[in-house]
Amino acid sequence: MQLTKEQEEASGRLLTGDADNRIFWSDNGKIAKFIMGRLSAPSGDDPETIARAFISDNRELFALAADVPERLEVSSIEHDRQGHSHVCLAQFIRDVPVHEGSVQVHINGDGVVTAYKDNRLAEADVDFQPRFSEVNAVHAAMADIGEEQGEKQQSRRCLYRHTDKKVHLAWQVEIVVQHEHGARFYFIDAHDGSVLYRFSESRAIMAQKTYTAKNQQTLPGTLVVQDEQTSTDEVVQAAHNNAKEVYKYYQKTFGRDSYDNQGSPLVSTVHFGQSYNNAYWNSYRKQMVYGDGDGRQWLPLAYALDIVGHEFTHAITSCTARFVYAEQSGALDEAFADFFGVMIASDGEIVDWQMGEGVYTPYRSGDALRDLSDPSRYGLPDHMDSFMHIRPDELPDGEKNDLGWVHYNCGIPCKAAYLTVAGGTHHGITVEGIGREKAEQIYFLGLTEYMRSSTLSRWTFEQARFAALNACRQLYDDQGREYAALKNAWAAVGVGEPAARFAVIDKEVSPSLAIPDNKPQGVSSSIQIEEQGILRELTVVVMINHSYINDLRVRLVSPGGEEVVLHDRTGGEEDDIIEEYRMDNTPDLLKFVGDMVQGEWQLIVADHARLDQGTLASWGLTMAMEKLEQKSLAREVGLELPIPDNSPQGVAGIISVEESGTILHADVTVDISHTWVGDLQLILMDPSGSEMVLHDRSGSSRHDIKKTYSTRTDDVLRQLVGAAMQGDWTLKVSDLAAQDTGILHGWKMEILYS
1 MQLTKEQEEA SGRLLTGDAD NRIFWSDNGK IAKFIMGRLS APSGDDPETI ARAFISDNRE
61 LFALAADVPE RLEVSSIEHD RQGHSHVCLA QFIRDVPVHE GSVQVHINGD GVVTAYKDNR
121 LAEADVDFQP RFSEVNAVHA AMADIGEEQG EKQQSRRCLY RHTDKKVHLA WQVEIVVQHE
181 HGARFYFIDA HDGSVLYRFS ESRAIMAQKT YTAKNQQTLP GTLVVQDEQT STDEVVQAAH
241 NNAKEVYKYY QKTFGRDSYD NQGSPLVSTV HFGQSYNNAY WNSYRKQMVY GDGDGRQWLP
301 LAYALDIVGH EFTHAITSCT ARFVYAEQSG ALDEAFADFF GVMIASDGEI VDWQMGEGVY
361 TPYRSGDALR DLSDPSRYGL PDHMDSFMHI RPDELPDGEK NDLGWVHYNC GIPCKAAYLT
421 VAGGTHHGIT VEGIGREKAE QIYFLGLTEY MRSSTLSRWT FEQARFAALN ACRQLYDDQG
481 REYAALKNAW AAVGVGEPAA RFAVIDKEVS PSLAIPDNKP QGVSSSIQIE EQGILRELTV
541 VVMINHSYIN DLRVRLVSPG GEEVVLHDRT GGEEDDIIEE YRMDNTPDLL KFVGDMVQGE
601 WQLIVADHAR LDQGTLASWG LTMAMEKLEQ KSLAREVGLE LPIPDNSPQG VAGIISVEES
661 GTILHADVTV DISHTWVGDL QLILMDPSGS EMVLHDRSGS SRHDIKKTYS TRTDDVLRQL
721 VGAAMQGDWT LKVSDLAAQD TGILHGWKME ILYS
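Each residue of the sequence shown is one higher than the one before, counting from 1 in this note's numbering.
A hint or two may mislead.
[As the list claims (entries may be wrong)] Simulated restraints, written as ranges between beta carbons of each label pair:
hint, residue 1, residue 2, range
1, T49, A143, 24 to 32 Å
2, R582, R364, 42 to 50 Å
3, T669, P511, 33 to 41 Å
4, P69, K631, 15 to 23 Å
5, S194, D385, 52 to 60 Å
6, E658, S376, 42 to 50 Å
7, G366, V74, 46 to 54 Å
8, E600, E658, 27 to 35 Å
9, S547, Q602, 20 to 28 Å
10, H608, T49, 50 to 58 Å
11, M543, E658, 45 to 53 Å
12, P642, E600, 12 to 20 Å
13, G17, A143, 49 to 57 Å
14, G255, H608, 13 to 21 Å
If you're looking for bench data, these hints aren't it; they were derived computationally from the structure.
Don't be surprised by glycine CBs; every beta carbon is placed ideally from N, CA and C.
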């Protein structure tokens, strides 16, 4: 990858603006395909103005060929519940739309650009004059389908990036195909008439209307019920009720008003066809369609809430990510639909990760269409090692290869989503699950905003992972267990690299300590953490029984001596403190983030006024800790240095540590012969110049010091935990009284570090 001088200067300005800013370049270096961080100053302008200003101010990042006249049109501006705005712009070159050519600018509530995604064409080395006419392109698409089976809906000229990386001038043709119950899209080369790509838009498995097709294949059919009406037809009523439940889920969980967020009617058709074993979302007619099944493989599909949720989610994806329904993109469409189908059908804790189990193979107990927790149970791949490819000379085909095996390869992102929620170990990678509530929010924001597209798009698994990570960064930052869980969940299925290993520590004690009345020194209780790692999240749960909490002051003290006040004489006349202090409701806890967790944590409770009393009943810590890769190092020096009698100058031995790292634990072993150790002072000095007194004229007339001092047992050394180890370490030994002498034979350091 070779950047231009202008790109280097522009990227340098962005990267020096904030230490956390990052730029990801396209393989050829033409485009900064993704940028993240705090990328601009706060602004009170509207989102479009901020987006266009950012693109203009950083135009050198995009190496647009000089002969390419480009314009960008806003295709959507969305505002989410966190106060962020998401601006999507479509690219046109010489007034020709670029298929999948778009720019996304993500802006926080302060008007700061926090993320930028660029999928534009940098150059278009192609003849813009078609030699194969639009009429002929439509005929070519019709011929591929069968003239009597298709009906043209629309067509347009576009620039199309083919799998060979070459840009083609193409005709995008949309044909409604009767037997597929939806549209099929073709990209026909506008120069030679070849079919570059094709795919179907029919996705098979609050105003409201439900129709019956009376076992015909006509849509929408005859209106049976709408809004709050009811029907004696059980299938009609099931479709109607389930659609309402799905709407309520999306509205309550994400604030979304119908599939398009514009309050469009929920249109369902049941009794479609004769013994029809499928359900699908019809993007052309904007409705859900359900067959009755044949009674053996399927019961009426509208009975199943997860299937109704699945099809409704396809409706949402058709308005947001706009997945090309083929290959990886189509598999993602299926995976998102499966994931939210399971979420919708589960109330609270998820005990069933299967799809369609209530209506699939009714005479076979325990069977289902797919299982997100174990895709391989029904023959689906659950890792990229098992990804099912179509042949290089093949195009996606619904009958020959399941449009690029969309209903099979969906098992891979489904497994990643399952691991995000529930955790587990898969292909040697352990994931700490984050639960459904957080996972739902991350995947929904990733789908609807970070994968939003101005055109039908061939999204990849890698891009879906990145969208989820950016949604997580917006919601929960990129330093916590949520971000690590996402990275590890996708890495476990072979997409991307794993995060640093995380662990959750849960400790609670019940000291039942009486809190003395009007004693500011109070009482303290401790929790000892043996694990080694870096703190990323902290929750403190406290239960205090007391008759007047306005007297109380509650403090948490870390092993390093830092202190956070959790409660400070507030609460008026209230009794008892039963509280969960988290980093969101107690921001001062953030000061502990980045510290080592190992050591003694103390809770100190003091009563600062007379007449009331109580008890510290229990308290606990829940920590998300980043595990550290541990290495060990040992350095020893033999000296045989005489220790001068009654000389403060003493003698010193130096150990040099060339390796860099953070100390997790250290042992210092000293070998001294001396006739009266009560004369001696031992000082350890670290590379930063800090001094630690190991021995200070104690021990009286005892002989010799042959001892190991440890960060685990000696308070004076505990400050080394978390410190840098590289540099010169000095042990100084001084005799501070007359008449006795000795020898410093040597000393040794053993360090466990990350």
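Hints versus structure:
no., hint, verdict
1, T49 - A143: 24 to 32 Å, "48 Å, violated"
2, R582 - R364: 42 to 50 Å, "46 Å, holds"
3, T669 - P511: 33 to 41 Å, "36 Å, holds"
4, P69 - K631: 15 to 23 Å, "57 Å, violated"
5, S194 - D385: 52 to 60 Å, "33 Å, violated"
6, E658 - S376: 42 to 50 Å, "48 Å, holds"
7, G366 - V74: 46 to 54 Å, "50 Å, holds"
8, E600 - E658: 27 to 35 Å, "32 Å, holds"
9, S547 - Q602: 20 to 28 Å, "24 Å, holds"
10, H608 - T49: 50 to 58 Å, "54 Å, holds"
11, M543 - E658: 45 to 53 Å, "50 Å, holds"
12, P642 - E600: 12 to 20 Å, "40 Å, violated"
13, G17 - A143: 49 to 57 Å, "55 Å, holds"
14, G255 - H608: 13 to 21 Å, "44 Å, violated"
Of the numbered hints stated above, those contradicted by the structure are hints 1, 4, 5, 12, 14, listed in ascending order.
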